[in-house]
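Protein chains in written order, with my numbering: chain A, 575 to 736; chain B, 632 to 1309.
Worth flagging that the hints you see were computed from the coordinates, not collected in a lab.
A couple of the hints might just be wrong.
As the list claims (entries may be wrong) - Calculated cross-link-like contacts (lysine-lysine; reagent style BS3-like; alpha-carbon spacing at most 27 Å):
1) B:K1012 / A:K695
2) A:K628 / A:K678
3) A:K695 / B:K758
4) B:K758 / B:K787
5) B:K1289 / B:K1306
6) A:K693 / B:K787
7) A:K693 / B:K758
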Amino acid sequence: MMAEETALTLEKQHSFRFKRRPISLAADFRPDWKIATLLLILHLSSHAGKSSLKRLHILNWALRSPKNREEFEQVKQHQQPLFSFQFRFEPALGRAIHLAVGEKLVEWVGGDRLKITTKGKGWITDILKDTSVMHDEREFLQRIGKTITEPLATEMITVKNI
Amino acid sequence: MLRVRHLLIHINTDKGVFGTKQDFADGLNVVRAENYRGKSQLVQSIIYALGLEGMQSPSYAVPLAHALTGYLEYPENSKKAKATVIDSAVSMEIENGKGQFLTVQRAIAGDRNRNLIKVWEGRALTKKEALNTSRDYYVREGGAATSDLGFHRRLKDFLGWDLPMAPRFSDPDCPLYLETIFPLLYVEQKLGWGRLPARYPTWLSIRDVGRRTVEFILGLDAYANALERNAVQEEIKRLQREWTRVRAAAEKSSSAVIGMVRGIPLEPVASWPPEIAPSLSVMRESKWILIADYLTGLRARQTELQGVEVPSTANAAPSVRDELAKLEEDLAGEERTVTALFQQFESDSAEADSLKQRIESISDDLRKYKDLRKVRKMGSKDQPDVISGHCPTCHQEIADSLLDTGNKAVPMDVDQNVSFYEEQIQLFTAVYKNAVHATEMAEKEIQAHRLEVNGLRERIRDMRETLVSASSSPSIEAISERIRLEDRIIRVEAQQQRFEEHLAELAELSSEWHSVQERLKKLPKGALSEADQKKISDWQTSFHNQLTRYKMGSLDIQEIYISLDNYKPQVERINLEADVSASDLIRLHWAYLLALMEVGTKPTGNHPGFLVFDEPQQQSVEENSFQQMLLHAQAQKNCQIIVTTSHERSSIDAYLKKIGVTHVAEFGMDHILQKMSG
């Protein structure tokens, strides 16, 4: 009798509650990570810190994982045909660019080129001071340097579209 | 034990010889003079004479004033005159606990090499002893602490010190240099009082220098224990390595007979053999059997055959025909088994591969997160605001994510994600190891079955040959069975013997493991043994008593304790150096070093019973506290304490007389460095 009563009271007073558990997210989907890689591409691998959107998408995809980096470099060194590097337009990069523009880390110039700002340079320079941070990424970008030109980027996209 | 008995500073100038002679006795010695009279030079030259100025800085410059190195001013006919130093040197007689004396002499200015210390094995200054024993030792150069001609090696032997080795930051271990010990024995006036408990030299890059020196001075077991703990850990690592090596060797050699080793523990064990005895099995007719049983079977068959003549083909033919049919069936069965096992193996390795990829990709992501965490911690001024969860344009809240998850799911924060990934890696690694193990087992089984297949094929071939050969010739099948049998017995025996050898090695390692475990057990749980804790608590008691008498005011004295980790005075949740008043810092300093001497001079300690306070009345500590310190110092036994002061003459003279201090060098208004001859 007692036990039953207790159970009933409990039911009356407390409704069920659900707690939302946070979900795991790949680091690539963190705004500051994506923004930092964007700045890194503009800073290390773009002429005058400036790049077209399509070129950014290519380098973003190339940078994303060890496997992508390797595939990209093989294509670049003509060991594999151009189309064997299958890159994707990552929507997350688009969002990151919007945020970065809002943060005034990058700006649009001439309508179709994204350029790193002084503030952006300030942040990425601070990050680069710790040589262990983003080590793989910066090593890759330093290795390919500024050799991915806009025409080459266009070629890659066109081949892809055939 | 160390006592400075006599000090002589000798300066040749163009105006004659200047200098001073001082005797020092046991107990408290007080040197009183007005400011700028050379008190600090006097005590500093003790340190210089012992080649210990490296305790203050790595500089090779002479740490003494111009009066000893360049020029000195002196009164002549009630006017100031100036004399230029030609050369100068400091000589000193020291005594150790055995009543032995050394005289040391080191050049200050002049042509003589300042890195050489001339040493006489006796009282060369006051008694003209051992005048023909002089020998040069060097200081401030590599090897000064270790080489036979190094002065610090000589000094430590003289003091009867057995210096422990100390780990350094990057270089190999070195002896605990004397320069690191003397900051606990000599407090220099200008900078010495500023750092509690002592101003240790950092340029020698000795790790945990504050701990190592206190442990040495007090003769704590902690140091020996730390060494022992290190040695034990090294030994444990070595045994684990060896064990893994022998275990792998045993497994590798088993592959020669396509055998399988079971029961060798992954990690070393202290009792051997383990409850499930290690065994080597081989596959016979789809079953794993112990190699010993297999060998017995082979030998039995050999004996059986030895008693039978080799049959002729005609006689053997009927039974051979029957057996051939059976073996062909067996062969087909074995081949099917191999195919099935191979499929299993393929799928297992595919699983292992995909797990490996998964682990690699998580690891890469984990690395990114760790980088990201660092970036966020940097807190650059140009860092974007999105991290704080606000849109830079409209300032509304946004999630820490670039995925359009809406409100449905909240992403983990970076730390959560890091630990989530770490867990995942752990989990997947365990599963991966399992999968790899499964593939290895499958591979072995396949090999074993293939061997079986080969054996069957050989026998089938022999039987067929037998059936087609001349009927009077001996049965080929019967002969080759005998040959094969003999050959196999030899190989299997060799294999078994090798396995036994490996087991013997493991037994040896196991007993070593046992003894290292015993050593590990003997080590005290914490860093400190009971005797150590007693010493520290004695030290702390004296420290507290003194602080009470010195009227320490800015903190509750009972709350200050001597940390068992680094032996520094500490108060919970308070940065002592920042929180106490400057004068209390001086009181702490006195009490700390005097109490250290009190405990360290007991039989198991290494404190030489020597302490120099250069102008201890810093930061306007009240006269009363200062007097209490002198009183405490005067009461100390088995020691020599040298205190310099410029405290007002009349009051201190009276006080010293009252407490019975007899060794007072009073210079009044005079310079300590005086003209000794024309």
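Failing hints, ascending?
-> 3, 5, 6 and 7
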